[in-house]
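Visitor: Quick mapping for you: the protein sequence lines, in order, are chains A and B. The first sequence begins at 12 in this note's numbering and counts up one residue at a time. The second sequence begins at 235 in this note's numbering and counts up one residue at a time.
Among these hints, one or two may not hold up.
[Claimed, not checked] Far from chain A, by Cβ distances over 10 Å, these chain B residues were calculated:
1) His271
2) Ala289
3) Val337
4) Ala357
5) Met358
6) Ala384
[To be verified] Simulated restraints, written as ranges between beta carbons of each label pair:
7) Val26/A - Gly313/B: 19 to 29 Å
8) Arg51/A - Ala357/B: 28 to 38 Å
9) Ala311/B - Pro39/A: 16 to 26 Å
10) Arg333/B - Gly46/A: 23 to 33 Å
[To be verified] Residues from chain B that keep clear of chain A, each with C-beta distances beyond 10 Å, as calculated:
11) Ser360
12) Arg366
13) Glu380
Since the hints were derived computationally from the structure, they do not count as laboratory data. By construction, the Cβ of each residue, glycine as well, lies at the ideal position given by its N, Cα and C atoms.
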Amino acid sequence: MKRTWIAFLLLGGCVHVAPYDRGYLARPDMALDAGLGTARALEKIHPSKEAASGGASVGGGGCGCN
Amino acid sequence: MRALAFLLVFASGGAWALESGAPLPPLSAPALGDPAHKVAFGDTKGSVVYVDFWASWCAPCRQSMPLLQSLQQRYGARGLRVIGVNKDVSVADAHRFLRTVPVDFTLVQDAGDALAHAFDVKAMPSGYLADRHGVVRFVHRGFTAESGAALEREILSLLDETR
Numbered sequence: 012m013k014r015t016w017i018a019f020l021l022l023g024g025c026v027h028v029a030p031y032d033r034g035y036l037a038r039p040d041m042a043l044d045a046g047l048g049t050a051r052a053l054e055k056i057h058p059s060k061e062a063a064s065g066g067a068s069v070g071g072g073g074c075g076c077n
Numbered sequence: 235m236r237a238l239a240f241l242l243v244f245a246s247g248g249a250w251a252l253e254s255g256a257p258l259p260p261l262s263a264p265a266l267g268d269p270a271h272k273v274a275f276g277d278t279k280g281s282v283v284y285v286d287f288w289a290s291w292c293a294p295c296r297q298s299m300p301l302l303q304s305l306q307q308r309y310g311a312r313g314l315r316v317i318g319v320n321k322d323v324s325v326a327d328a329h330r331f332l333r334t335v336p337v338d339f340t341l342v343q344d345a346g347d348a349l350a351h352a353f354d355v356k357a358m359p360s361g362y363l364a365d366r367h368g369v370v371r372f373v374h375r376g377f378t379a380e381s382g383a384a385l386e387r388e389i390l391s392l393l394d395e396t397r
């Protein structure tokens, strides 16, 4: 019975979008990956906001100006 | 465990798609961009009808729509009637698409999804080819160059059938 309830809870988060209703999902701004420019900006800002230089960034003190 | 199995069966949303041998649903739909003008699927008997569900966001539709236009132009006089059912959220998107891929066959809109439900559309694009008696004979889901060639052969075979 417990398993059934767990399945109920998990299925509650699933929504089937019909193939013909995927107009909104097909919009470029719904893509999981950001565009090239946005991705580069995020890559630059992220280490600064985290106050550390990440693997994708040059060294910096967290000011975001490097 | 049995309850779980039941649950999964129902959660999968099992539906029966419109397949070969079923009659075209006797529905009507407003013309694209002209909602006052209704197109009735029941009025198409005597013609070989291809009902195609398409949308501007559907990438294969960029290939299928020009082919359907060409088929309509070549076989319209022999009794082929192509009806395109648009599934765009906004009619403006459909018109923007049609400016780059112009077609002159019948286009209808399906804002309430009544047609998509009746045909139980499983993929985009989906096409249903019905004979002169209004019975669906071939169903196409998705579009490739091969399925386009197959569609032309099927249309020709249905046009050649005795009335």
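Visitor: All hints are to be evaluated individually against the structure, with a verdict given for each.
Guide: Here is what the structure says about each hint:
Non-interface call for His271/B relative to chain A: holds, since the shortest CB-CB distance, roughly 22 Å, exceeds 10 Å. Chain A draws Ala289/B into its interface by the beta-carbon criterion, the shortest separation being 6 Å against a cut-off of 10 Å. Non-interface call for Val337/B relative to chain A: holds, since the shortest CB-CB distance, roughly 19 Å, exceeds 10 Å. Not every CB of chain A lies more than 10 Å from the CB of Ala357/B, the least distance being 5 Å, so the non-interface label is violated.
A cut-off of 10 Å between C-beta atoms contradicts the statement that Met358/B is not in contact with chain A; the least separation is 5 Å. Distance to chain A confirms Ala384/B as a non-interface residue, since its nearest Cβ pair spans about 21 Å, more than 10 Å. As the Cβ distance of Val26/A to Gly313/B is approximately 42 Å, the hint placing it in 19 to 29 Å is violated. Between Arg51/A and Ala357/B, the C-beta spacing of about 36 Å keeps the proposed range 28 to 38 Å intact.
For the pair Ala311/B and Pro39/A, the supplied restraint of 16 to 26 Å is violated, since their beta-carbon distance comes to about 41 Å. Distance hint for Arg333/B and Gly46/A: a CB-CB separation of about 25 Å, consistent with the stated range 23 to 33 Å. At the 10 Å boundary, the C-beta of Ser360/B falls inside the reach of chain A, the nearest C-beta of that chain being 8 Å off. Distance check on Arg366/B: its Cβ is at least 27 Å (rounded) from any Cβ of chain A, clearing the 10 Å threshold; non-interface status holds.
No Cβ of chain A comes within 10 Å of the Cβ of Glu380/B; the nearest lies about 21 Å off, and the non-interface call holds.
Taken one by one, the earlier hints fail for this structure at numbers 2, 4, 5, 7, 9, 11, listed in ascending order.
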